[in-house]
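Protein chains in written order, with this note's numbering: chain A, 1 to 67; chain B, 68 to 462.
Derived from the structure by calculation, the hints contain no laboratory data. Any given hint could be a false lead.
Claimed, not checked - Heads up, simulated DSSO-like pairs for lysine-lysine below, C-alpha to C-alpha not over 27 Å straight-line:
no. : chain 1 : residue 1 : chain 2 : residue 2
1   : B       : K241      : A       : K27
2   : B       : K375      : B       : K400
3   : A       : K27       : B       : K239
4   : B       : K186      : B       : K73
5   : B       : K203      : B       : K235
6   : B       : K186      : A       : K8
7   : B       : K198      : A       : K8
8   : B       : K235      : B       : K400
9   : B       : K297      : A       : K27
10  : B       : K400      : A       : K27
11  : A       : K27       : B       : K447
12  : A       : K8        : B       : K313
13  : A       : K8        : B       : K239
14  : A       : K27       : B       : K198
15  : A       : K27       : B       : K375
16  : B       : K268      : A       : K8
17  : B       : K304      : A       : K8
18  : B       : K297      : A       : K8
19  : B       : K73       : A       : K27
20  : B       : K143      : B       : K268
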Amino acid sequence: MIEIAENKCDFCGCCVGVCPVNCIEVKEADILIEHEICIDCDICVYVCPIEVLYQIEPNKSTSVAAA
Amino acid sequence: MWNEQKEFDCIVVGGGPAGSTFARVAAESGLSVLLLEKDRDIGVPVRCGEAVSDAGLRIFHEPDPRWIASTINRIKLVAPNETVVEFDLHQKGYILDRRIFDYDLAEFASIAGAQIVTKAYIDGLIIEDDKVVGVKGTHVGERFEKRAKIVVGADGVESRVGRWAGLKTTVKLKDMECGIQKTVTGIDVDEHMFDFYLSRKWAPGGYLWVFPKGKHKANIGLAISGLYAKDGKAAHKFLDEFLAWKYPNASVLTTVVGGVPVAKTVKHMVMDGLMLVGDAARTVNPVTGGGIIPGMRSGLLAAETAVKALKNSGPTRKNLIQYEKEWHKIGGKNHERFYRIKETIFRFTDDELNRIANGIANVPEDSRSLLKLFTIAASKKPSLLIDVARVFTGI
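Throw the hints in and build the complete structure from the sequences for me.
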């Protein structure tokens, strides 16, 4: 599962642009992940310029990023 | 007032340069336009290096001195081995103050008759019979729905509007540049020079820039490719290391982060009742990462098509597709060439970058140019030389 360090987030939307299932929502000062839709591909974790997002179950991550 | 009006000709989602340009041009032609910006301010935060060319800006507006923080006429490249190469730019550029620039673009749209609403967050579309007919969202905590003949997705890197409608706008990991920038002061910079640091050390798969805003202030930022970000070192760490090395006494006035989509333009920019413009349509130049002028260009072309479609037989995909054709005719081919060039150069190793820097350093200064630079960069891949020649000389 992807967790969010919310107090670090700058709400830039970089993660939203790469999310293959459109499950991240970024408002002016609010970020949400719909975990039921998330496929744990971790691409959002890689692109975040300031390490706001992190995978808490590394073994669960799928390999979409490599595709 | 917008809250009493149920339907508009066009609803634009996003108040950046692309959205405001669409809104202005559509309103000038007599369309009713509602522009919705999710943040409390137009133009803030400034997620941008703020560089534009004079020629690009002049397509749309006479440059207003209030928009311009610095005028640039020279470029400096710093290679991994710290070889420095400088040359004059053949056309001048500017570092803008986008807080003022974006405000003015929105004001122009408003003067033309568009209604602008901030703190209006869109979270879905109204779709009927596979046609986009409106938007749903929240304005300062209150739910609202508005109908439109055409919804324009100008929602930047996120580009969710297109995805809600079924268009494929997701950016591949290797096509996302992960950026961070600090506007710093208390430093000495050449106010007329762009500095670019090209190195895996500072910005793998991207570049680091120092864009002056006067003699003692600059936007210092970098973007790294998602391909290399995957290795685990995030963009902010590269920038902190650079500032500690080069400008240890700098004071940081602003920090912003953001993604720059250096992708091909989306395959489908329109569907029934929907158009995508700017970063949302992936119009950013894939080599430079510059998105202001291509975004404004797409906003202009989309609005011209929208006006025609609504005056003729309606906002069908068949009518709106003229915008896609115009985009490809005017900038799209070059966009694809730039994309192919980027696909090669963003993988260069430090040894290759040093070779290119040495190559251009050996060219007499008055013969150096961006064409020469990219010709040297592409010399190991002859097929790319054609792309380089075409984008830089207009052949």
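Here is how each hint holds up against the structure:
1. B/K241 - A/K27: Holds. B/K241 to A/K27 sits at ~25 Å (cutoff 27 Å).
2. B/K375 - B/K400: holds (24 Å)
3. A/K27 - B/K239: holds (22 Å)
4. B/K186 - B/K73: Satisfied, since the Cα-Cα distance of roughly 18 Å is no more than 27 Å.
5. B/K203 - B/K235: holds (20 Å)
6. B/K186 - A/K8: holds (22 Å)
7. B/K198 - A/K8: violated (39 Å)
8. B/K235 - B/K400: holds (20 Å)
9. B/K297 - A/K27: holds (25 Å)
10. B/K400 - A/K27: violated (34 Å)
11. A/K27 - B/K447: violated (45 Å)
12. A/K8 - B/K313: OK: A/K8 and B/K313 at ~26 Å, within 27 Å.
13. A/K8 - B/K239: holds (24 Å)
14. A/K27 - B/K198: holds (26 Å)
15. A/K27 - B/K375: Measuring from Cα to Cα gives roughly 34 Å; hence the hint is violated.
16. B/K268 - A/K8: holds (25 Å)
17. B/K304 - A/K8: holds (14 Å)
18. B/K297 - A/K8: holds (20 Å)
19. B/K73 - A/K27: holds (24 Å)
20. B/K143 - B/K268: holds (18 Å)
The structure shown violates the earlier hints numbered 7, 10, 11 and 15.
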